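Colleague: As given, the protein sequences belong to chains V and A, one line each in that order. Quick note on this note's numbering: the first sequence kicks off at 89 and runs consecutively. Quick note on this note's numbering: the second sequence kicks off at 115 and runs consecutively.
These are computed hints drawn from the structure, not numbers from a lab. In this text the structure is predicted, and so the values were computed from the model without any measurement. Hints may be right or wrong, so weigh each one.
What the hints assert, rightly or not - In silico DSSO-like links for lysine-lysine, alpha-carbon gap of 30 Å or less:
| hint | chain 1 | residue 1 | chain 2 | residue 2 |
| --- | --- | --- | --- | --- |
| 1 | V | Lys362 | A | Lys152 |
| 2 | A | Lys152 | V | Lys317 |
| 3 | A | Lys177 | V | Lys362 |
| 4 | A | Lys119 | V | Lys317 |
| 5 | V | Lys412 | A | Lys177 |
| 6 | A | Lys119 | V | Lys362 |
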Amino acid sequence: MTKRKITVAVSGLNNIDSPGPGIPVIRALKESEYFDVRIIGLSYENLEPGLYMRDLVDKSYSIPLPSSGTASLLERLRYIHDVENIDVIIPNFDAELHSFIKLATQLKNDFGIETFLPTQEQFESRHKSVLYEFGEENGVKVPYAKMIFSANEIHSLKNDFTYPLVIKGKYYDASIAATPEQAVNYFHKISAKWGLPIIVQEFVSGNEVNVTAIGDGKGNCIGAVPMRKLYITDKGKAWAGVSLDDENLIEITNRVISNSKWKGGCELEFIKTKEGEYYLLEMNPRFPAWVYLAKGCGQNHPEALVRMALGEEVKPFESYDVGKLFVRFSFDQIVDIKDYEKISTLGEL
Amino acid sequence: MQINKNIAISDSGFVFNPSTGDSFSTNQVGLEIIRLLKENKSKEELIKELVLKFSTDESTLEKDLGDFFMMLNSYQILVNND
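Chain A on its own, in the form it takes in the complex:
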């Protein structure tokens, strides 16, 4: 799972895809996920870090992450999906 390296992300959660011209806003949780993906973290590493940071359990997080990845994929923010 990798973020398209051209994607521009601001600290406020504004995401701009310069290839398509699309822009999105995400909240702090989304921003944290994208930041971790940019650091080339695997899905497992990501879940581990997020569970520590946010008060949620692994199974809920996994389901929510699946939805979020699907959204990132449809907006062409991810380059591949594993």
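Chain V extracted, bound-state conformation:
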């Protein structure tokens, strides 16, 4: 089969100890059966390891931080598109998704660049701060949670929560507090880093199981692969994991994707209790960093996303391999100072 030549721009090249999904997405695309993909890397920092992975990333450009606003991002993308003629953009950071969702129509109409992203409403509906309501709407259990804006509110939580409870940042970080004093301490630590509000969540004991999935935006779950972390870093990230045979988890994932008509890639994070109940802890609005495991199990989710972005009809995957492991590793790339100079000064490599 002749593969169609396309150019895909991908962000999330931070293949570090708390990795972004960019490099796994690129690996899956480079192994596509349908496409011969030229990859354009989009970076926020000059030492993102993916910038220097020349076998995976054909050309890279730095782009402005989300805090710079959508106008400067659009201007930068216009420049990159003029040079590279991009077919599809896959943004991989939570923090940049809002900008890309906002620009999606303009990118398509003005430049012919396709994306495959959730709607703004879908994106907002699964935020940590409203996840409890999201669970109720989609028929999935979510630990009870409440937003607080001041450490003083912690002492009045005793009416709604028992200890231990979980103190979470709006975007990242979570700590289990066994006492009100610990909760106050974590409140200050996490709010200093990620701002307010802080989410207080009921603690549910059990095993963490995650699903990487993709929805077509019409209520169909195109693919889903569940995984349990086998080796966890001190940042709580999976360094190794194994694909699971769990029909209940697949059924819940199908229900969530179908009810919410989710469009694009996502990661669902669950706790499975000893009694076999599943509680949704988070729904991330993009592929996880372990999405390459899905490719390894026979479901190439990034390829399916690109096909749908390009308007192709994609049939749901029917199976995946159980008992496949991913095991990460780190290695040192030797980089010429000229390459670092190029990306630092010209914003291109």
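Model the placement of chain A on the given structure of chain V, informed by the hints.
Modeller: Below, chain A alone, put in the same frame as chain V:
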């Protein structure tokens, strides 16, 4: 007493539970017990066969089996325990 039918067991004694992602290693004796359980043998039949195969008495075997079943149960390798 039944082994979870999804459990994968290799000849080397490597046991993988695809529902939980847990994996274990067992020795030849453990492997033999799991094999017999997979053949739907009752506890009594199991003891009878094991006593013939391994140099041990029934009461020691029964006690050791109890411990082993408890372990299998806690690792969700057994679906029920009689």
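Colleague: For which of the previously enumerated hints does the structure constitute a violation, in increasing order of number?
Modeller: 5
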